[in-house]
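J.: Sequence:
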Amino acid sequence: MSQLKGILPNEIVAVEQVGPPAGTLLEEEAEALGRAVFSRRMEFAAGRSCARRALEVLGVPAQPILRGICREPIWPAGIVGSITHCAGYCAAAVARDCRIESIGIDAEPNEPLPDGVLREIATETEIRFLEELPPGLACWDRLLFSAKESVYKAWYPTMKCWLGFEEAQITIYPADKTFQARIPRGDPGGGAGGGLCWKGRYAHNTEYVVTSLVIHR
Numbered sequence: 005m006s007q008l009k010g011i012l013p014n015e016i017v018a019v020e021q022v023g024p025p026a027g028t029l030l031e032e033e034a035e036a037l038g039r040a041v042f043s044r045r046m047e048f049a050a051g052r053s054c055a056r057r058a059l060e061v062l063g064v065p066a067q068p069i070l071r072g073i074c075r076e077p078i079w080p081a082g083i084v085g086s087i088t089h090c091a092g093y094c095a096a097a098v099a100r101d102c103r104i105e106s107i108g109i110d111a112e113p114n115e116p117l118p119d120g121v122l123r124e125i126a127t128e129t130e131i132r133f134l135e136e137l138p139p140g141l142a143c144w145d146r147l148l149f150s151a152k153e154s155v156y157k158a159w160y161p162t163m164k165c166w167l168g169f170e171e172a173q174i175t176i177y178p179a180d181k182t183f184q185a186r187i188p189r190g191d192p193g194g195g196a197g198g199g200l201c202w203k204g205r206y207a208h209n210t211e212y213v214v215t216s217l218v219i220h221r
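Numbering-wise, the sequence shown is residues 5 to 221 according to the numbering used here.
It is worth saying that the hints were derived from the structure and are not from the lab. Bear in mind the structure is a predicted one, so any value in this text is a computation, not a measurement. Every residue, glycine too, gets a C-beta built ideally from N, C-alpha and C. One should not assume that every hint holds.
Here are the computed distance ranges between Cβ atoms for each label pair [said to hold, decoys possible]: (1) Pro80 - Gly120: 33 to 43 Å; (2) Pro138 - Pro80: 40 to 50 Å; (3) Ser43 - Glu211: 12 to 22 Å; (4) Thr210 - Leu137: 15 to 25 Å; (5) Glu35 - Pro138: 41 to 51 Å; (6) Pro80 - Glu115: 27 to 37 Å; (7) Arg186 - Pro138: 18 to 28 Å.
Computed cross-link-like contacts, DSS-like style, restricted to lysine-lysine with a CA-CA straight-line distance of at most 27 Å [to be verified]: (8) Lys203 - Lys181; (9) Lys9 - Lys181; (10) Lys164 - Lys203.
Given only the sequences and the hints, what does the whole structure look like? Please build it.
T.: Structure, rendered in structure tokens:
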């Protein structure tokens with residue numbers, strides 16, 4: 005799968021890896037993971053390796069990419085980015101922060117959510133909306149979940165606070181493979197304002213759905 009680059013602006017560098025996770029950890033990253041199980045270490049290594057390859061395109065030297073208090077990647081100064089992985093797929097997207105304020109990407113298997121999960125992450129309005137969408141090649145409930153993940157990954161570096169699943173109201177537009185995220189509180193400048201309205205994009209094949217949300221300066 006190589007659809008992530010197609011849903012990101014040209015100034016963002018994306019690197020993808022398809023298949024079993026492969027990569028290496030720098031010493032500081034390995035120490036930060038502690039006694040994580042082998043599968044988790046491999047996923048983490050694959051994501052960090054994709055990120056370093058993307059940073060290399062930007063001319064940024066290889067360096068540890070550690071985690072913040074909410075497990076978010078800590079990027080080098082002047083860089084914004086996002087990392088995602090699911091079974092058989094891993095990707096990283098990075099950019100310089102002169103034009104891009106924040107990036108959120110997410111990948112999920114293109115299959116229905118486990119029983120009960122949709123009602124934990126979606127509002128009644130969103131559930132009714134999904135029921136009205138035409139049958140397609142994408143599992144709409146999984147796409148909704150992925151869109152909310154991308155929204156949170158873009159939100160947190162800017163706002164530095166938690167955003168619940170129910171707070172990001174997602175509307176999916178199959179005609180142009182976009183989604184809209186409405187968040188009733190806050191704005192990137194820190195004011196209460198009237199809330200936020202962000203537009204993201206998605207792509208899919210028979211195996212995966214991928215979503216992206218980019219906040220421009």
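J.: Against this structure, judge whether each hint is valid.
T.: Checked hints:
For Pro80 and Gly120, the Cβ-Cβ distance of about 40 Å falls inside the hinted range of 33 to 43 Å, so the restraint holds. Remark: the range hint 40 to 50 Å for Pro138 to Pro80 is upheld by a beta-carbon distance near 44 Å. A beta carbon spacing of about 19 Å between Ser43 and Glu211 agrees with the range 12 to 22 Å that was offered as a hint. In this structure the supplied range 15 to 25 Å holds for Thr210 paired with Leu137, their Cβ-Cβ distance being about 18 Å.
Glu35 and Pro138 have their C-beta atoms about 49 Å apart, which keeps the hinted 41 to 51 Å range intact. Distance hint check: the CB atoms of Pro80 and Glu115 are about 36 Å apart, consistent with the given range 27 to 37 Å. One distance hint, 18 to 28 Å for the beta-carbon pair Arg186 and Pro138, holds here, with the actual separation near 22 Å. Taking the CA atoms of Lys203 and Lys181, the gap is near 11 Å; set against the 27 Å cutoff, the hint holds.
A distance of roughly 14 Å separates the Cα atoms of Lys9 and Lys181; the hinted pair therefore holds under the 27 Å criterion. Pair hint Lys164 plus Lys203 holds up; C-alpha atoms about 20 Å apart against a cutoff of 27 Å.
Every hint, counting from the list given before, is met by this structure.
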